[in-house]
Amino acid sequence: MVTVEFLGPIQKAPLTLEAASLRDVADMLKQDSEMAEWIENCAVAVNDTLVASLDTPLKTGDKVSLLPPVCGG
Amino acid sequence: MLELYNGALNVPEIITRWYAQEADYNYGAYIPFIGTVRDEDGIEGLSFDVYEPILTSWFETWVAKAAPLGAKLKMAHSRGDVLVHESSYIAAVFSPKRRVALEMIEAFVEDFKASAPIWKYDLKNGARIYARERSTPIQGAGLLGADV
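Chains as they are written, first to last, in my numbering: chain A, 168 to 240; chain B, 6 to 153.
Hints listed in this document are in silico derivations from the structure and should not be mistaken for laboratory results.
Here a beta-carbon is modelled for each residue, glycine too, at the ideal position from N, C-alpha and C.
Treat the hints with care, as some may be off.
Not everything, but these chain A residues come out facing chain B in the computed CB check (under 7 Å) [stated by the list, open to error]:
1) E207
2) A210
3) A219
4) P236
With these hints in hand, go ahead and build the complete structure from the sequences.
Structure below.
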C-alpha cells in the first residue's frame, strides 16, 4: 500500500491504495471528481522528491504528495 | 540557514542576528530582501502553509549553488497568519563582493516564488481564501493528468 497526501489548499484526507507505479495513482485520481480542479496543475513528489514520470515505480510504504500551485513570500 | 516561524517575522532581530553571525567571515556584501504584507484588496493579512521537507531540499540545492561563488544564503518564512504591514519572508545573501550577491538575491527570490512549496491565503472577512490567481504551478506540474 502507498499513501497519497494532498498538500496546501487541497481539502482532502490522505488515501492509501495499492499501486505499482505513479500511473496507477494517476488512474485512480482521474476518477475522483474532487480532484478535477487539481490534477492538471499539481506537481508530484514520491518520498519528498519531485518526480517527472508516470512510470516512477512505487512500493509498499511509499508516500506520494500532490503539490498545487505555490506562492510563497 | 532556513528558519520557519509561526506568525509574523521579527525582522530587526533576524537581520541583526544574521549580520552578527557573519561579521567575522570577510563578506563585503549583505543583501537582505524583506517581504511585507501590503494593505490591498481589503485583506486583513495573509496566511501560509509550508511543506518543510521539500522546502528544505529546495533550499539546500541553492546553498550548494551559492557555495562555489563564495556566497552564503539565509532565509526565514512564516507559517500561519501574518497581518497587514507585518513581514512573512526574508531572504539574504552574503558574498565577498556585491555583484554575486545582487545577482543571486534576484535569482533566488524568483525561483523561490516559482518553486518553494508554500501556499498563500488571503485573510478576508474572517475567511482564509487560497490565492489561486497569484499562485504558480511548480515546474513539471500536470504529470498526473498527462495522457500517456
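Does the CB of A:A219 sit less than 7 Å away from some CB of chain B? holds, 5 Å
Hint check: 7 Å Cβ-Cβ cutoff, A:E207 to chain B: holds, 4 Å
Let's test the interface hint: is any C-beta of chain B closer than 7 Å to that of A:A210? holds, 4 Å
Using 7 Å as the Cβ threshold, decide whether A:P236 counts as touching chain B. holds, 4 Å
Checked against the numbered hints above, the structure violates none of them.
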